[in-house]
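Residue numbers (the numbering used here), protein chains in the order written: chain R, 1 to 335; chain P, 1 to 348.
Read the hints as simulated data drawn from the structure, not as lab findings. Positions of the beta carbon are idealized from the N, C-alpha and C atoms, including for glycine. Errors might be hidden in some of the hints.
From the derived model, a few chain R residues whose C-beta atoms are all more than 10 Å from chain P [said to hold, decoys possible]: (1) G33; (2) T154; (3) L214; (4) V311.
Example chain R residues on the side facing chain P (calculated, C-beta under 7 Å, incomplete) [said to hold, decoys possible]: (5) S306; (6) V319; (7) I320; (8) A329.
Just the calculated beta-carbon pair ranges, DEER-fashion [said to hold, decoys possible]: (9) R:T135 - P:Y147: 51 to 61 Å; (10) R:F307 - P:G57: 51 to 61 Å; (11) R:V24 - P:R208: 44 to 54 Å; (12) P:M65 - R:F327: 35 to 45 Å; (13) P:V244 - R:F327: 33 to 43 Å; (14) P:T64 - R:G301: 50 to 60 Å; (15) R:F327 - P:T6: 50 to 60 Å.
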Amino acid sequence: MKTLLETSSQKAVGLFVGLLLFAVGIVSSIVFGVADISWRTIWDSYVRFDGSQEHLIIQTARMPRALIAAAAGASLAVAGSLMQGITRNQLASPSLFGINAGAAFFIVTGSAFFGVSGLSAFATLAFVGAAFTATLVYTLGSIGNDGLTPLKVTLAGAALTAFFSSLSLGVLLTSGQTFDQVLYWFVGSVAGRDLNIFTAAAPYIGIALVGAFLLARHMNVLTLGEDVAVGLGQKTIYIKLAAGVIIVLLAGGSVSMAGPIAFVGIIVPHLMRYLVGLDYRWVIPYCAVYGAILLLAADVGSRYISFPKEVPVGIMTAVIGVPFFVFIARRGGRS
Amino acid sequence: MSKLVTIRNRMFSFQLERRTVMVVIMLLLANIAAIVICVGLGSKTISPANVIRILFGTLDSPDTMIIESLRMPRVVIAVMVGSALAVSGALLQGIVRNPLTSPDIIGISGGASLGTVIFILYFSHVSIRYMPLSAILGAFAAAFLIYLFAYRKGVTPLRLVLIGIGMATAITAVTYMLILTSSFTPTAVAVKAFTFMTGSIYGVSWVRDVYTLLPWIVVLFPVAILYARHLNVQELGDEVATSVGSSVQIKRTILLVISVALAGAAVSIGGAINFIGLMAPHIARKLVGPSYGGVIPVSALIGSLVLLLSDLVARIAFLPLDIPAGVFTAAIGAPFFIYLLYRHRNGS
Numbered sequence: 001m002k003t004l005l006e007t008s009s010q011k012a013v014g015l016f017v018g019l020l021l022f023a024v025g026i027v028s029s030i031v032f033g034v035a036d037i038s039w040r041t042i043w044d045s046y047v048r049f050d051g052s053q054e055h056l057i058i059q060t061a062r063m064p065r066a067l068i069a070a071a072a073g074a075s076l077a078v079a080g081s082l083m084q085g086i087t088r089n090q091l092a093s094p095s096l097f098g099i100n101a102g103a104a105f106f107i108v109t110g111s112a113f114f115g116v117s118g119l120s121a122f123a124t125l126a127f128v129g130a131a132f133t134a135t136l137v138y139t140l141g142s143i144g145n146d147g148l149t150p151l152k153v154t155l156a157g158a159a160l161t162a163f164f165s166s167l168s169l170g171v172l173l174t175s176g177q178t179f180d181q182v183l184y185w186f187v188g189s190v191a192g193r194d195l196n197i198f199t200a201a202a203p204y205i206g207i208a209l210v211g212a213f214l215l216a217r218h219m220n221v222l223t224l225g226e227d228v229a230v231g232l233g234q235k236t237i238y239i240k241l242a243a244g245v246i247i248v249l250l251a252g253g254s255v256s257m258a259g260p261i262a263f264v265g266i267i268v269p270h271l272m273r274y275l276v277g278l279d280y281r282w283v284i285p286y287c288a289v290y291g292a293i294l295l296l297a298a299d300v301g302s303r304y305i306s307f308p309k310e311v312p313v314g315i316m317t318a319v320i321g322v323p324f325f326v327f328i329a330r331r332g333g334r335s
Numbered sequence: 001m002s003k004l005v006t007i008r009n010r011m012f013s014f015q016l017e018r019r020t021v022m023v024v025i026m027l028l029l030a031n032i033a034a035i036v037i038c039v040g041l042g043s044k045t046i047s048p049a050n051v052i053r054i055l056f057g058t059l060d061s062p063d064t065m066i067i068e069s070l071r072m073p074r075v076v077i078a079v080m081v082g083s084a085l086a087v088s089g090a091l092l093q094g095i096v097r098n099p100l101t102s103p104d105i106i107g108i109s110g111g112a113s114l115g116t117v118i119f120i121l122y123f124s125h126v127s128i129r130y131m132p133l134s135a136i137l138g139a140f141a142a143a144f145l146i147y148l149f150a151y152r153k154g155v156t157p158l159r160l161v162l163i164g165i166g167m168a169t170a171i172t173a174v175t176y177m178l179i180l181t182s183s184f185t186p187t188a189v190a191v192k193a194f195t196f197m198t199g200s201i202y203g204v205s206w207v208r209d210v211y212t213l214l215p216w217i218v219v220l221f222p223v224a225i226l227y228a229r230h231l232n233v234q235e236l237g238d239e240v241a242t243s244v245g246s247s248v249q250i251k252r253t254i255l256l257v258i259s260v261a262l263a264g265a266a267v268s269i270g271g272a273i274n275f276i277g278l279m280a281p282h283i284a285r286k287l288v289g290p291s292y293g294g295v296i297p298v299s300a301l302i303g304s305l306v307l308l309l310s311d312l313v314a315r316i317a318f319l320p321l322d323i324p325a326g327v328f329t330a331a332i333g334a335p336f337f338i339y340l341l342y343r344h345r346n347g348s
C-alpha cells in the first residue's frame with residue numbers, strides 16, 4: 001500500500017504538524033463565534049481574571065466546548081480505527097454500529113425512569129449502554145457460517161440505531177421531560193456544555209487512549225488475520241477483549257459528553273491510513289490528534305452555517321462523512 | 001376441488017391459491033375487528049356494539065362526533081399508511097433480492113421526510129394536496145442518488161444496502177439542519193420534527209390528510225398488485241427472466257417507481273414509521289408462500305393491522321399522552337429484524 005508519509009521521520013513531522021494544528025484548532029474554537037474574542041484575552045482570562053463578560057464566556061462556554069470537541073473527536077476516531085481492525089471491516093465505527101445510539105438510550109432511560117442524575121452516573125450509564133450495544137451488534141453481525149460480514153453487521157447496526165432512537169424518543173415523551181435537552185441525545189452537539197461534563201469523562205478517555213496506544217503493537221498482529229495471529233502466539237481473545245473495553249470507554253465517554261456524533265470514526269481512520277499506512281503504532285496517535293482537529297474544525301464551521309444560529313456539530317460530521325462512506329462502500333466495504 | 005382460483009379477462013389474468021384467498025379473508029376480518037376496537041378505545045371508551053351502530057348511522061349519540069371527526073380519520077390513515085409501507089417494502093425486497101431491506105433502512109423514507117419538511121418550511125402557501133408529491137419527489141431523489149452511488153458495472157444488493165444506510169444517516173442530518181436553521185423556535189419545532197421523523201399519525205383529519213393521501217393509494221395499489229407478478233420471474237435471476245421473455249430492466253424500473261411512490265406518499269402523512277416495510281412482507285411470505293400475487297395483498301393487510309395496533313397502544317398506553325406510533329413499530333420491529341438476521345445467517 002502506498003502511503004503519503006513513508007519514513008518514520010516524515011511521520012513524526014506529520015504528527016508534530018498535527019499537534020500545531022490542534023493548538024490552532026483549540027484557540028480558534030475559543031476565538032470565533034457570536035462574540036468575537038481576541039486570542040490575547042484568552043491568556044488574560046487565565047492569568048489575570050477580572051470577571052469581565054469576555055473572560056466569563058471563555059471560561060464557562062468556549063473553553064469547555066473546545067475541550068469536549070477535542071476529546072470527543074479523538075475518542076471517536078481512535079474507537080473507529082480499533083473497531084475497523086477487530087472486525088476487519090472498513091465501515092465499522094461507533095455511530096454506524098448503533099453504539100452511540102445505545103449509549104444515548106441508556107442515559108435517557110436512566111434519567112427519565114430511574115431518577116439517575118449527576119454527571120458521573122451519566123458517564124457510567126453511557127459505558128453500560130455502549131458495552132451492551134457493542135456486544136449485541138458484534139454477536140448479531142457474526143452469527144452464521146461466513147462470520148462477521150460487512151452487510152450483516154451494518155444492517156444490525158442500522159436496525160439497532162433505529163430501535164434505540166425511537167425508544168429514546170418514546171421515553172422522553174412519556175417521562176414528560178422538557179425538550180431543552182432532547183436534541184443533545186439525538187444529534188450530537190458540543191455547545192452549552194459545562195466544564196464538569198468534560199472532567200467527569202476525561203479520566204476514562206485518557207486511560208483508554210493510553211491503552212489504545214499500548215495495544216497498537218498487538219493490533220498490528222491481529223489485523224494479519226486471526227489464524228496468523230494465533231500462529232504467531234497471540235492470545236487473540238485477550239487482545240480483542242482489551243480492544244473491546246477500550247472502544248466502549250471511548251465511545252461511551254464521548255456520548256456522555258457530546259451525544260451521538262456520526263462518521264468521525266469512519267472519516268479519520270480512513271484518511272490516516274492513507275497518510276501513514278496500516279501500522280497501528282502510528283495510526284492510533286494520528287487518529288487521536290487529527291480526530292480532535294476534525295471535530296474542532298467542524299464545530300467552528302457549524303457556528304457559521306446559519307449565523308448567528310448554531311447547527312449541532314453532529315449534523316456537520318454526518319454531511320462531511322457521507323462522501324467517505326460512499327467511497328468506501330463502493331470499494332466493497334472490506335479492506 | 002382445485003387448489004387454484006383463476007381470474008382472467010382480456011385485460012389481465014390472475015391466479016390465486018385457495019389458501020391465499022382464505023388468508024386474505026381472515027386478515028380482512030382481523031382488520032375490521034381491529035378498526036372497531038381502535039375506534040372504541042381511547043380517553044373515552046365506546047363499546048364495540050355502539051361503534052358499529054354509530055358507523056352505520058343507526059345510533060345518534062354524543063360520541064358520534066368523537067368517532068367521525070377524531071378517531072375514524074386516524075384509523076383510516078393507519079390503514080392506508082400501514083399498507084402502503086408494507087407493499088412498498090415487499091416490492092423493494094423483491095427488486096433488490098435481499099429480504100433484510102426496507103424503504104426506511106435504505107433511506108427512501110428519509111428522502112420522503114426531507115421532501116415533506118422542505119414543503120412545510122418553504123412552500124407553506126401552496127395547497128396541502130401537493131405535500132405527498134413533494135414527499136414522493138424527495139423519495140425519488142434519495143432512491144436515485146442511492147442507485148447512482150451504488151452503480152459500478154451494475155448494482156449489487158450489498159452495495160445498495162450499505163450505501164442506502166449511509167445515505168439515510170446523511171439525509172436525516174440534512175433534515176435536522178433544515179429544521180434547526182429555519183426561522184421557528186427551536187424547541188417546539190424540534191419536538192414536532194422528532195415526532196414526525198419517528199412516525200406519528202396523531203391529529204390527522206379527513207380533509208387535510210385522508211383526502212390528500214387517498215388518490216395516491218387508489219392509483220398505486222392496483223398497479224402494484226398487477227405488476228407484482230413480474231417479480232416472480234425476476235426472483236429466478238436476471239438471466240432466466242430475460243430468457244423467458246421478460247424485459248427485466250424496464251419492469252424493474254417500473255416496480256421501483258411504484259415502491260418509491262408508495263413509500264413517499266405514506267411518509268408525507270404518517271412520517272417515517274419504521275420497520276413495517278420490513279416485517280409485513282416476511283409475515284406475508286410465511287402465510288402464503290413466496291408468490292408475489294399473494295404476498296402483495298397479504299402484506300398490505302398485515303401492514304395495516306400492525307400500524308392499527310401500534311397506534312392503538314401508542315394512543316392509550318400512556319393516557320393522556322400520545323406517543324408516536326413509530327416508537328412501537330420499532331419496539332416490535334427490531335427484535336423481529338434480529339430474528340430475521342438469525343434466520344438468514346448463512347446468506348440465503
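Looking back at the hints listed earlier, which ones does the structure fail to meet?
-> Violated: hints 2, 4, 7, 9 and 12.
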